[in-house]
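Take a look at the letters that make up each chain.
Number of protein chains: 2
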Amino acid sequence: MVLVASRNPLNIGGAARAMSNFGFLRLRVVNPHDVAFREARSAVGASQVLENAEEFKSVAEAVADCTLVVGTTAVGTRELLHPVRRLEAAAPLIRKRLASTNVALLFGSEKVGLTNENLSHCHWLLRIPTREAHRSVNLGQAVAICMYELARGSKAATRSPEKQPPATSAGLERLAALLLDVLHNSEYLHSHSAALSQEKLRRLVRRLHLSDRDAEIWLGLFRQIDWKLRSGRDS
Amino acid sequence: MVLVASRNPLNIGGAARAMSNFGFLRLRVVNPHDVAFREARSAVGASQVLENAEEFKSVAEAVADCTLVVGTTAVGTRELLHPVRRLEAAAPLIRKRLASTNVALLFGSEKVGLTNENLSHCHWLLRIPTREAHRSVNLGQAVAICMYELARGSKAATRSPEKQPPATSAGLERLAALLLDVLHNSEYLHSHSAALSQEKLRRLVRRLHLSDRDAEIWLGLFRQIDWKLRSGRDS
Numbered sequence: 001m002v003l004v005a006s007r008n009p010l011n012i013g014g015a016a017r018a019m020s021n022f023g024f025l026r027l028r029v030v031n032p033h034d035v036a037f038r039e040a041r042s043a044v045g046a047s048q049v050l051e052n053a054e055e056f057k058s059v060a061e062a063v064a065d066c067t068l069v070v071g072t073t074a075v076g077t078r079e080l081l082h083p084v085r086r087l088e089a090a091a092p093l094i095r096k097r098l099a100s101t102n103v104a105l106l107f108g109s110e111k112v113g114l115t116n117e118n119l120s121h122c123h124w125l126l127r128i129p130t131r132e133a134h135r136s137v138n139l140g141q142a143v144a145i146c147m148y149e150l151a152r153g154s155k156a157a158t159r160s161p162e163k164q165p166p167a168t169s170a171g172l173e174r175l176a177a178l179l180l181d182v183l184h185n186s187e188y189l190h191s192h193s194a195a196l197s198q199e200k201l202r203r204l205v206r207r208l209h210l211s212d213r214d215a216e217i218w219l220g221l222f223r224q225i226d227w228k229l230r231s232g233r234d235s
Numbered sequence: 001m002v003l004v005a006s007r008n009p010l011n012i013g014g015a016a017r018a019m020s021n022f023g024f025l026r027l028r029v030v031n032p033h034d035v036a037f038r039e040a041r042s043a044v045g046a047s048q049v050l051e052n053a054e055e056f057k058s059v060a061e062a063v064a065d066c067t068l069v070v071g072t073t074a075v076g077t078r079e080l081l082h083p084v085r086r087l088e089a090a091a092p093l094i095r096k097r098l099a100s101t102n103v104a105l106l107f108g109s110e111k112v113g114l115t116n117e118n119l120s121h122c123h124w125l126l127r128i129p130t131r132e133a134h135r136s137v138n139l140g141q142a143v144a145i146c147m148y149e150l151a152r153g154s155k156a157a158t159r160s161p162e163k164q165p166p167a168t169s170a171g172l173e174r175l176a177a178l179l180l181d182v183l184h185n186s187e188y189l190h191s192h193s194a195a196l197s198q199e200k201l202r203r204l205v206r207r208l209h210l211s212d213r214d215a216e217i218w219l220g221l222f223r224q225i226d227w228k229l230r231s232g233r234d235s
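Protein chains in written order, with the working numbering: chain A, 1 to 235; chain B, 1 to 235.
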C-alpha cells in the first residue's frame, strides 16, 4: 500500500493499523508530511507495519517493482481518464495479481486525493461505492475498507458458527407433555382449553427450534414449576 | 447502529461519518462519555447522523423496537455464549431482516468492548475476520467496514418477507422478566440461583427465535402460571 502526501498522523497510524489487521504488511509512503510521519511512527502502539514503512521521494520510485498500480478515488471531483472499478469488482483482480507479483494500491492526501501526476502511474482506479450525497470517505476508514475487501475472499473456507445439536423429537415431546401438565395444574387449560389443544402446544414447542441442551434446561424449569404448582395445590 | 459507552469523540464522529457514507442514518448511543459525545457533536463537519443521534440510558431501551440485535466482537477475549458469524456471512441475514423491521448493530467501548450484560441483549454476534496476530480493529474503522459490507450487496438483496414477523426486543424482555418472576415464585431460582442468572435467562429466551405472535402466546401462558403460583402460595 502506498500513501501519497498524507498529512494527518492519525490517518497514517490508522492506515497502518488496518493493514496489520488484515495481513497486508508492506506500507510505502511518498513525501509524507515529515512531522505527521514521525508522530505516527512514535505513537504508542504503533504497529510493526509503521515501523517497517519505506519512504520514497516519488510515486515512480514507490511503485517501481509493481506490475499493477491501482489508484483510489471518490470520483466526481474531476474528469477521469482511467477506467474506474467499484471496490468489490476491483478486489478479485488485485488478489489474482498479488498471488504472483507486487501490486501497489495508492491513496492520496486527505485534502486533494491523488493528483493527475499520481494518477498517471496507475493502470486503473477503484472507488468505494458510497451514496451520492456523501462521497468523501475518511482516509483511515477507506484504507480499512479496502484491506477488508482484499482479505475478504482470501479464505474461501468460512467457518460457520458452531451450532448446538438440535433437540430430538423425543426430547420435544417430553417437553410438550410436561408443559401440558403445567398448564393443567395452573388451570390455564381449564379456561383456555378451546384455544390451546395438545397439538397446538406441540407445534408451539416445535417452533422454538430448541437445541438439545436448551431443551434440557427448559425441562428442568418446567419440572420445578410443575412441582411447585402441585405442592401449592396439595397444601 | 448502537454505540455503547464510547469514550473517544474521534471514534464517535468517525462512526457517524461512515454511516453517512453508506446510507445508514440512524445512530443511537447508550451512556456515551458526556464530554466525548458533546465534542463529537460540535466538531466541524459533524454529520447529520450525529446531530440526529438518539441517546439512551440502557441497551434494553436502545434496542426495544428492534427484532434482531447483533453484537460485534473480536472474540478470543472471553468465552462466548452466542453463535458468532463472520461479517460477510452475517450481512445478508441483517439485510434481509432490515428490509421489513429494525435491526440493531451493537458496538462496545474502545477498551472493553461489549459487556456480558450488553451481550445478553443480542441474538448473535458478528466478527470482522482479521488475522489472528492482530485482532483488535479500531472502532471507527470497524464501523466503516461493517457499513460497507452491509451496503455492499444491498442492490442484489431480494426482499423475501419471513413467514411470521419476529418478536421485538421489548417483547422478549417482557417475557424474560415474567419468566424470572415465575422462577422466583416456583423457588427455582432459590435453589438454582447460581446456575441461572438473569442474563442467562435473557439469552435462553433470545435463542427461542420467537415470532411476535408466539411471544404473545408464551406471555399468556406464563402470566397464568405466575398467577397460579402466587395464589397457591398465598392460600
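Honestly, the hints are just simulated from the structure, not real lab data. Each hint should be verified, as a subset may be incorrect.
No farther apart than 25 Å at their CA atoms in a straight line, the calculated lysine to aspartate or glutamate pairs in the DMTMM-like style are these [as the list claims (entries may be wrong)]: (1) B/K111 / B/E55; (2) B/K111 / A/E39; (3) B/K111 / B/E39; (4) A/K200 / A/E173; (5) A/K200 / A/E187; (6) B/K200 / A/E117; (7) A/K96 / A/E61; (8) A/K96 / B/E39; (9) A/K111 / A/E61; (10) B/K111 / B/E199; (11) A/K200 / B/D226; (12) B/K200 / A/E216; (13) B/K96 / B/D212; (14) B/K96 / B/E132; (15) A/K111 / B/E88; (16) A/K96 / B/E199; (17) A/K96 / A/D65; (18) B/K57 / B/E173; (19) B/K111 / A/E187; (20) B/K96 / A/E132; (21) B/K96 / A/E88; (22) A/K200 / A/E216; (23) A/K200 / B/D212; (24) B/K200 / A/D214; (25) B/K57 / B/D34; (26) A/K96 / A/E110; (27) A/K200 / B/D34; (28) B/K96 / B/E173; (29) A/K57 / A/E132; (30) B/K111 / B/D34; (31) A/K96 / A/E173; (32) A/K200 / B/E55; (33) B/K200 / A/D226.
Ranges between beta-carbon positions, derived for each pair [stated by the list, open to error]: (34) A/A74 / B/E39: 22 to 28 Å; (35) A/S169 / B/A74: 34 to 40 Å; (36) A/R85 / B/E54: 35 to 41 Å.
Glycine included, every Cβ here is placed at the ideal spot set by N, Cα and C.
Consistency of the hints with the structure:
1. Our distance criterion of 25 Å between C-alpha atoms is met by B/K111 and B/E55, whose separation comes to about 20 Å.
2. Proposed proximity of B/K111 and A/E39 is supported: the alpha carbons are some 23 Å apart, at most 25 Å.
3. Simply put, B/K111 and B/E39 have alpha-carbon atoms about 19 Å apart, close enough for the 25 Å limit, and the pair holds.
4. For the hint linking A/K200 to A/E173, the alpha-carbon distance of about 12 Å falls within 25 Å, and the restraint holds.
5. As the CA atoms of A/K200 and A/E187 are separated by approximately 17 Å, the hinted pair is consistent with the 25 Å bound.
6. Restraint check for B/K200 and A/E117: the C-alpha separation of about 60 Å exceeds 25 Å, so the hint is violated.
7. A threshold of 25 Å between alpha carbons decides the hint, and for A/K96 with A/E61 the separation of about 23 Å falls inside it, so the pair holds.
8. Proposed proximity of A/K96 and B/E39 is contradicted: the alpha carbons are some 44 Å apart, above 25 Å.
9. This hinted pair checks out: A/K111 and A/E61 have alpha carbons roughly 23 Å apart, not beyond 25 Å.
10. For the proposed pair B/K111 and B/E199, the alpha carbon gap of about 22 Å is at most 25 Å, so the pair holds.
11. Distance hint between A/K200 and B/D226 is fulfilled; the C-alpha atoms sit about 21 Å from each other, no more than 25 Å.
12. With a CA separation close to 14 Å, the supplied pair B/K200 and A/E216 stays within the 25 Å bound.
13. For the suggested pair B/K96 and B/D212, the alpha carbons sit about 17 Å apart, so the restraint of at most 25 Å is met.
14. A threshold of 25 Å between alpha carbons decides the hint, and for B/K96 with B/E132 the separation of about 30 Å lies outside it, so the pair is violated.
15. Distance hint between A/K111 and B/E88 is unfulfilled; the C-alpha atoms sit about 31 Å from each other, more than 25 Å.
16. Taking the CA atoms of A/K96 and B/E199, the gap is about 47 Å. The hint is violated against a cut of 25 Å.
17. Proposed proximity of A/K96 and A/D65 is supported: the alpha carbons are some 17 Å apart, at most 25 Å.
18. About 16 Å separates the Cα atoms of B/K57 and B/E173, which keeps this hinted pair within 25 Å; it holds.
19. A distance of roughly 51 Å separates the Cα atoms of B/K111 and A/E187; the hinted pair therefore is violated under the 25 Å criterion.
20. A threshold of 25 Å between alpha carbons decides the hint, and for B/K96 with A/E132 the separation of about 23 Å falls inside it, so the pair holds.
21. As the CA atoms of B/K96 and A/E88 are separated by approximately 20 Å, the hinted pair is consistent with the 25 Å bound.
22. Proximity of A/K200 to A/E216 is assessed by CA-CA distance (about 21 Å); at most 25 Å being required, the pair is judged to hold.
23. Between A/K200 and B/D212, the direct Cα distance comes to roughly 16 Å. Compliance with the 25 Å bound is thereby established for this hinted pair.
24. For the suggested pair B/K200 and A/D214, the alpha carbons sit about 11 Å apart, so the restraint of at most 25 Å is met.
25. Distance hint between B/K57 and B/D34 is fulfilled; the C-alpha atoms sit about 12 Å from each other, no more than 25 Å.
26. Simply put, A/K96 and A/E110 have alpha-carbon atoms about 29 Å apart, too far for the 25 Å limit, and the pair is violated.
27. Restraint check for A/K200 and B/D34: the C-alpha separation of about 51 Å exceeds 25 Å, so the hint is violated.
28. Distance restraint check for B/K96 and B/E173: the Cα-Cα separation of roughly 23 Å lies within the 25 Å cut-off, and the hinted pair is therefore satisfied.
29. Simply put, A/K57 and A/E132 have alpha-carbon atoms about 35 Å apart, too far for the 25 Å limit, and the pair is violated.
30. A threshold of 25 Å between alpha carbons decides the hint, and for B/K111 with B/D34 the separation of about 17 Å falls inside it, so the pair holds.
31. At most 25 Å may separate the alpha-carbon atoms for a hinted pair to count; A/K96 and A/E173 exceed this at roughly 54 Å.
32. Restraint check: the Cα-Cα separation between A/K200 and B/E55 comes to about 42 Å, which exceeds 25 Å; the hinted pair is violated.
33. Straight-line distance between C-alpha atoms of B/K200 and A/D226 comes to about 21 Å, which keeps the hinted pair within the 25 Å bound.
34. In this structure the hint that A/A74 and B/E39 lie 22 to 28 Å apart at CB holds, the actual value being about 26 Å.
35. Checked against the given bound of 34 to 40 Å, the beta carbons of A/S169 and B/A74, roughly 38 Å apart, stay inside it.
36. Taking 35 to 41 Å as the suggested C-beta distance range, the pair A/R85 and B/E54 conforms, at roughly 37 Å.
Of the numbered hints given earlier, the model fails hints 6, 8, 14, 15, 16, 19, 26, 27, 29, 31 and 32; all others are met.
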